[in-house]
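Colleague: I would like the entire structure built from these sequences, with the hints used as guidance.
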Amino acid sequence: MTKLFTTTALVAAMALPAHAAQPAEGEKLAEDQSLSFWILDAIKSADPQLTSSRTDSDMIRQLFEGLMNEDETGAMIPGVAESHEVSEDGLTYTFHLRDAKWSNGDPVTAGDFVYAWQRAVNPETASEYAWFMELMNIVNATEIVKGEKAPEELGVKAVDDRTLEVTLTKPTPYFLKTLSHSTTFPTPQKVIEEHGDSWTQAGKMVGNGAYVLKSHDLGVEAVLVKNDEYWDAENTIIDEVKFVTVNDQNIGLTRTLAGEIDWMNQLPAGQFPRLKEEHGDAVVAPPWACSYAYIFNLSDKGPEALKDLRVRQALSYAIDRDIIVDKILQGGQEPAYFWTHWAIEGFESPEIEMAGWTQQERLEKAKALLAEAGYGPDNPLQLTIQYNTSEDHKKLAIAVQQFWKAIGVNVTLNNYEWKVHIDRLNNQDFEVARYAWCGDYNEATTFLDYFRTEGYNQGKWSNAEFDKLLADSATSENPAELYKQAEQILIGDMALAPVYHYSQPQYIEPSLRGAPLENVMMSWYAKDMYRVAE
Amino acid sequence: MFAYIMRRLAVAVPTLLLLIVISFVLMHLAPGGPFSQERELPARVLANLNAKYGLDEPLWRQIVNYVYSIVIHFDFGPSFVYPDRTVNELLADGFPVTLTYGSLAFLAAVLVGVGLGVVAAIRHNSWLDYLAVGISIGAQVLPNFVMAPILVLFFTLTWRILPGGGWSFSDPSFWIMPVIALATSYMASIARITRSSMLEVLGSNHIRTARAKGMPEHRVILRHALKPAMLPVISYLGPVFVSMITGSVVIDIYFSTGGIGKAFVESALNRDYAVMMGVTILIGALTILFNLVVDILYAWIDPKIRY
Numbered sequence: 001m002t003k004l005f006t007t008t009a010l011v012a013a014m015a016l017p018a019h020a021a022q023p024a025e026g027e028k029l030a031e032d033q034s035l036s037f038w039i040l041d042a043i044k045s046a047d048p049q050l051t052s053s054r055t056d057s058d059m060i061r062q063l064f065e066g067l068m069n070e071d072e073t074g075a076m077i078p079g080v081a082e083s084h085e086v087s088e089d090g091l092t093y094t095f096h097l098r099d100a101k102w103s104n105g106d107p108v109t110a111g112d113f114v115y116a117w118q119r120a121v122n123p124e125t126a127s128e129y130a131w132f133m134e135l136m137n138i139v140n141a142t143e144i145v146k147g148e149k150a151p152e153e154l155g156v157k158a159v160d161d162r163t164l165e166v167t168l169t170k171p172t173p174y175f176l177k178t179l180s181h182s183t184t185f186p187t188p189q190k191v192i193e194e195h196g197d198s199w200t201q202a203g204k205m206v207g208n209g210a211y212v213l214k215s216h217d218l219g220v221e222a223v224l225v226k227n228d229e230y231w232d233a234e235n236t237i238i239d240e241v242k243f244v245t246v247n248d249q250n251i252g253l254t255r256t257l258a259g260e261i262d263w264m265n266q267l268p269a270g271q272f273p274r275l276k277e278e279h280g281d282a283v284v285a286p287p288w289a290c291s292y293a294y295i296f297n298l299s300d301k302g303p304e305a306l307k308d309l310r311v312r313q314a315l316s317y318a319i320d321r322d323i324i325v326d327k328i329l330q331g332g333q334e335p336a337y338f339w340t341h342w343a344i345e346g347f348e349s350p351e352i353e354m355a356g357w358t359q360q361e362r363l364e365k366a367k368a369l370l371a372e373a374g375y376g377p378d379n380p381l382q383l384t385i386q387y388n389t390s391e392d393h394k395k396l397a398i399a400v401q402q403f404w405k406a407i408g409v410n411v412t413l414n415n416y417e418w419k420v421h422i423d424r425l426n427n428q429d430f431e432v433a434r435y436a437w438c439g440d441y442n443e444a445t446t447f448l449d450y451f452r453t454e455g456y457n458q459g460k461w462s463n464a465e466f467d468k469l470l471a472d473s474a475t476s477e478n479p480a481e482l483y484k485q486a487e488q489i490l491i492g493d494m495a496l497a498p499v500y501h502y503s504q505p506q507y508i509e510p511s512l513r514g515a516p517l518e519n520v521m522m523s524w525y526a527k528d529m530y531r532v533a534e
Numbered sequence: 001m002f003a004y005i006m007r008r009l010a011v012a013v014p015t016l017l018l019l020i021v022i023s024f025v026l027m028h029l030a031p032g033g034p035f036s037q038e039r040e041l042p043a044r045v046l047a048n049l050n051a052k053y054g055l056d057e058p059l060w061r062q063i064v065n066y067v068y069s070i071v072i073h074f075d076f077g078p079s080f081v082y083p084d085r086t087v088n089e090l091l092a093d094g095f096p097v098t099l100t101y102g103s104l105a106f107l108a109a110v111l112v113g114v115g116l117g118v119v120a121a122i123r124h125n126s127w128l129d130y131l132a133v134g135i136s137i138g139a140q141v142l143p144n145f146v147m148a149p150i151l152v153l154f155f156t157l158t159w160r161i162l163p164g165g166g167w168s169f170s171d172p173s174f175w176i177m178p179v180i181a182l183a184t185s186y187m188a189s190i191a192r193i194t195r196s197s198m199l200e201v202l203g204s205n206h207i208r209t210a211r212a213k214g215m216p217e218h219r220v221i222l223r224h225a226l227k228p229a230m231l232p233v234i235s236y237l238g239p240v241f242v243s244m245i246t247g248s249v250v251i252d253i254y255f256s257t258g259g260i261g262k263a264f265v266e267s268a269l270n271r272d273y274a275v276m277m278g279v280t281i282l283i284g285a286l287t288i289l290f291n292l293v294v295d296i297l298y299a300w301i302d303p304k305i306r307y
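In order, the protein sequence lines correspond to chains Z and G. Residue numbers for the first sequence follow full-length UniProt numbering, beginning at 1 and rising by one. Residue numbers for the second sequence follow full-length UniProt numbering, beginning at 1 and rising by one.
The reader is advised that the hints may include incorrect statements.
Coverage of chain Z stretches by chain G, computed from C-beta distances (three or more under 8 Å per stretch; other residues unrestricted) [claimed, not checked]:
(1) 39-49
(2) 210-223
(3) 246-256
No more than 25 Å apart at the CA atoms, straight line, and that leaves these computed lysine to any residue pairs for SDA-like [to be verified]:
(4) K394/Z / P149/G
(5) K395/Z / P149/G
(6) K307/Z / R39/G
(7) K146/Z / A51/G
(8) K146/Z / E57/G
(9) K214/Z / E89/G
(10) K204/Z / Y53/G
(11) K204/Z / P78/G
(12) K149/Z / A47/G
(13) K146/Z / Q37/G
(14) K204/Z / D93/G
(15) K52/G / S52/Z
(16) K52/G / L218/Z
(17) K484/Z / R39/G
(18) K419/Z / V265/G
(19) K460/Z / E38/G
(20) K419/Z / V249/G
(21) K395/Z / V146/G
(22) K301/Z / L46/G
(23) K276/Z / L153/G
(24) K146/Z / E38/G
(25) K419/Z / P58/G
(26) K419/Z / L46/G
(27) K146/Z / P78/G
(28) K419/Z / E57/G
(29) K301/Z / Q37/G
(30) K52/G / S57/Z
Keep in mind that the hints were calculated from the coordinates and are not lab data. All C-beta atoms in this analysis are idealised placements derived from N, C-alpha and C, irrespective of residue type, glycine included.
Modeller: Shown next, in the form of structure tokens:
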């Protein structure tokens with residue numbers, strides 16, 4: 001049995017393009033090619049157009065395949081689309097689809113993509129990710145979501161069964177990078193119409209990914225097995241993927257160490273150093289495209305004090321990011337002095353003045369700035385920090401409370417459960433709030449867009465120059481330069497106090513190979529992985 | 001008796017309706033909604049979602065529609081957070097799990113608890129009594145969130161004989177730890193109540209009479225003491241049974257059982273209105289039902305009680 005696998009693997013390595021599992025020469029494959037992956041929350045939806053969760057996407061990525069995939073470094077590689085062309089003006093993309101099949105044997109056609117994309121924007125679907133099609137700048141997406149135009153008018157059409165044409169409202173440099181997102185995955189019209197909302201249940205679901213759903217016990221585990229109809233099935237080595245729900249990180253870790261889970265991609269905070277020491281290379285912490293910050297409420301409902309740049313600067317300077325990263329989180333995170341995650345593709349870290357200072361210098365400057373702004377021992381600044389219930393957020397908030405106390409700012413901590421926290425954020429009912437953002441695609445605008453005047457921007461910071469830089473970046477030859485300038489404006493005006501850039505401390509069972517550790521988006525494909533014999 | 005039961009069941013209907021209205025209103029008063037998230041949804045997308053789930057209607061109409069579809073179709077609606085599933089499906093998946101480990105835990109708690117309590121009372125102030133009291137105090141201070149990790153430490157990490165979590169109806173090895181963890185502290189309470197109630201009964205006149213007329217001690221205990229001594233235990237067991245079979249959030253989270261104990265708490269945090277209502281109604285109906293069962297048992301045990 002093992003021998004057979006070895007031969008197959010060898011053939012695979014010789015014959016295949018960059019995607020698919022590629023054991024190195026001399027690696028012997030294990031007999032057991034199953035993978036069990038820890039997830040914190042139960043799968044909410046396995047419907048590519050309905051889901052809004054990252055966890056769900058990890059499973060959907062195995063069950064469906066979009067036009068493009070990501071390789072282990074995060075680069076875009078062909079998925080269902082074998083090749084594509086872009087028109088001169090950057091507005092029309094033509095995709096040539098490969099000969100792929102659904103798990104029921106039907107061919108995957110351009111029409112399946114048209115159906116899925118129209119479904120995503122159709123108000124009747126009420127997709128929480130309908131905005132993603134707007135973000136892709138597809139013609140008429142916004143109008144359809146609003147209900148002003150029919151879904152059929154979306155700028156996507158099937159020229160023939162194997163040719164898909166997409167038209168955009170404006171050149172969109174990151175367009176191709178959105179194509180590995182689950183919202184853009186094709187879905188089988190016939191099956192959805194036959195079963196309605198329950199079409200994603202095991203036994204009914206039909207997909208075009210490398211795996212099919214065998215069983216799904218909600219909140220316990222979902223089991224996926226290899227899809228023999230998948231176009232690259234002969235090079236897929238992992239034959240079973242399990243998503244095991246454990247609603248608590250520490251319990252998840254226990255079960256991982258007990259051998260029940262192979263891959264846990266979010267170790268509890270503070271555990272990394274100990275685990276690293278005990279388990280060596282099985283424990284790693286690659287960068288992950290999320291940033292953590294405290295945002296200031298600059299709207300009319302926010303406190304007067306925060307409208308003073310000197311106050312915002314003082315608050316940001318006073319945060320000792322090294323203590324947060326090295327003493328509290330201890331999991332390979334990086335101190336943040338700007339917003340966009342440093343490892344995002346094509347992004348060059350800007351020069352930020354405060355990054356070069358020692359903490360002592362920052363503290364002195366912070367005190368001076370506060371005094372200048374009229375705050376001191378006789379007139380201390382009072383602020384509240386709002387965060388959502390979580391041990392880690394609490395630890396950080398307490399630390400920041402202490403840092404700010406050192407410059408004479410009295411902080412009250414307000415802890416709310418998640419839904420209340422975001423409700424207050426969205427209504428500008430806060431002073432300083434904990435915030436984090438994870439990139440939707442591997443490009444700086446996914447972070448910077450947040451602070452556009454029209455962006456989500458719950459602190460209501462607004463800067464015309466910043467908006468213009470972002471607008472210009474879409475057609476620029478050198479967007480990296482513009483992103484750098486935008487970051488400098490953002491930090492120059494201290495729209496936020498960046499705290500740290502995420503990493504993803506994780507445990508990977510030593511025999512498991514091919515985890516995409518260099519992909520900051522952390523998108524993984526079980527079909528690209530394999531297990532070696534011990 | 002039959003008329004009494006009918007009367008109680010008739011009262012249950014307005015009780016449940018009141019429960020629905022109050023829960024519904026409270027739920028909608030809580031800030032945030034099922035679709036509020038970190039990146040605020042564009043107003044038009046939110047409007048589409050609200051329209052899809054009928055959340056754009058006035059509250060009173062939502063309640064009427066909700067009750068109507070339950071009464072007419074026994075349909076508890078779609079889950080807002082798990083769009084692939086209906087509340088009926090979620091309950092049908094989750095309730096059998098909690099029912100299984102809950103009733104097993106109940107059985108274990110009652111058998112061991114009553115046993116310990118009776119032994120302690122009969123051998124009052126002997127080493128057996130101290131041992132039983134010791135065990136029950138020990139168990140009392142081990143709530144399920146302490147028991148669970150201790151069990152996992154030994155059975156899963158050290159001895160590797162039981163799975164650390166998950167659920168299967170065909171494999172009882174998944175049930176053992178949830179049952180023990182859930183039963184322990186209830187068992188302790190039952191033992192304490194049984195012991196003190198038994199002690200009281202053993203000192204009463206009819207027991208003295210029974211002993212005086214030379215009745216064998218085992219008959220005195222089983223026939224004349226145990227039955228009346230069970231009255232306070234039973235009134236404790238009614239609500240306990242309901243809370244055990246509807247699961248425990250700690251057990252569900254710790255052992256990833258997929259039961260409805262966790263679904264209840266989670267749906268409240270997620271503002272998954274439909275799931276929360278479904279579980280509330282289930283727990284409400286079971287509570288009403290088992291309170292009635294307790295009252296019937298009372299009448300059966302105590303001849304002084306007549307309805």
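Colleague: Please go over all the hints and tell whether each is borne out by the structure.
Modeller: Now the hints, each set against the structure:
Note: the region 39-49 of chain Z has 5 residues with beta-carbon separation from chain G under 8 Å; the three-residue rule is met and the coverage holds. Interface restraint, the region 210-223 of chain Z with chain G: holds (5 residues with C-beta to C-beta distance below 8 Å; minimum three). Closer than 8 Å: that is the beta-carbon criterion, and the region 246-256 of chain Z has 6 residues meeting it against chain G, so the requirement of 3 holds. The suggested pairing of K394/Z with P149/G holds, with an alpha-carbon distance near 24 Å, which does not exceed 25 Å.
Of the pairs offered as hints, the one joining K395/Z and P149/G holds, with about 24 Å between alpha carbons and a cut-off of 25 Å not exceeded. For the hint pairing K307/Z with R39/G, the CA-to-CA distance comes to about 23 Å; that is within 25 Å, so the pair holds. Our distance criterion of 25 Å between C-alpha atoms is met by K146/Z and A51/G, whose separation comes to about 13 Å. For the given pair, K146/Z sits about 19 Å from E57/G by alpha-carbon distance, which is consistent with the 25 Å threshold.
This hinted pair checks out: K214/Z and E89/G have alpha carbons roughly 18 Å apart, not beyond 25 Å. Distance hint between K204/Z and Y53/G is fulfilled; the C-alpha atoms sit about 24 Å from each other, no more than 25 Å. For the proposed pair K204/Z and P78/G, the alpha carbon gap of about 18 Å is at most 25 Å, so the pair holds. A hinted pair counts as satisfied when its Cα atoms are at most 25 Å apart, and K149/Z with A47/G qualifies at roughly 16 Å.
For the suggested pair K146/Z and Q37/G, the alpha carbons sit about 20 Å apart, so the restraint of at most 25 Å is met. Note on K204/Z and D93/G: the hinted pairing holds, with a Cα-Cα distance of about 17 Å set against a maximum of 25 Å. For the proposed pair K52/G and S52/Z, the alpha carbon gap of about 17 Å is at most 25 Å, so the pair holds. Taking the CA atoms of K52/G and L218/Z, the gap is near 24 Å; set against the 25 Å cutoff, the hint holds.
For the given pair, K484/Z sits about 24 Å from R39/G by alpha-carbon distance, which is consistent with the 25 Å threshold. For the hint pairing K419/Z with V265/G, the CA-to-CA distance comes to about 13 Å; that is within 25 Å, so the pair holds. Between K460/Z and E38/G, the direct Cα distance comes to roughly 15 Å. Compliance with the 25 Å bound is thereby established for this hinted pair. Annotation: proposed proximity of K419/Z to V249/G holds, straight-line Cα distance about 19 Å (limit 25 Å).
Of the pairs offered as hints, the one joining K395/Z and V146/G holds, with about 23 Å between alpha carbons and a cut-off of 25 Å not exceeded. Using a Cα cut-off of 25 Å, the hinted pair K301/Z and L46/G holds, with the two alpha carbons roughly 24 Å apart. Simply put, K276/Z and L153/G have alpha-carbon atoms about 21 Å apart, close enough for the 25 Å limit, and the pair holds. Of the pairs offered as hints, the one joining K146/Z and E38/G holds, with about 21 Å between alpha carbons and a cut-off of 25 Å not exceeded.
For the hint pairing K419/Z with P58/G, the CA-to-CA distance comes to about 22 Å; that is within 25 Å, so the pair holds. Distance hint between K419/Z and L46/G is fulfilled; the C-alpha atoms sit about 15 Å from each other, no more than 25 Å. For the hint linking K146/Z to P78/G, the alpha-carbon distance of about 24 Å falls within 25 Å, and the restraint holds. A distance of roughly 22 Å separates the Cα atoms of K419/Z and E57/G; the hinted pair therefore holds under the 25 Å criterion.
Proximity of K301/Z to Q37/G is assessed by CA-CA distance (about 21 Å); at most 25 Å being required, the pair is judged to hold. Proximity of K52/G to S57/Z is assessed by CA-CA distance (about 23 Å); at most 25 Å being required, the pair is judged to hold.
No hint from the list above goes unmet by this structure.
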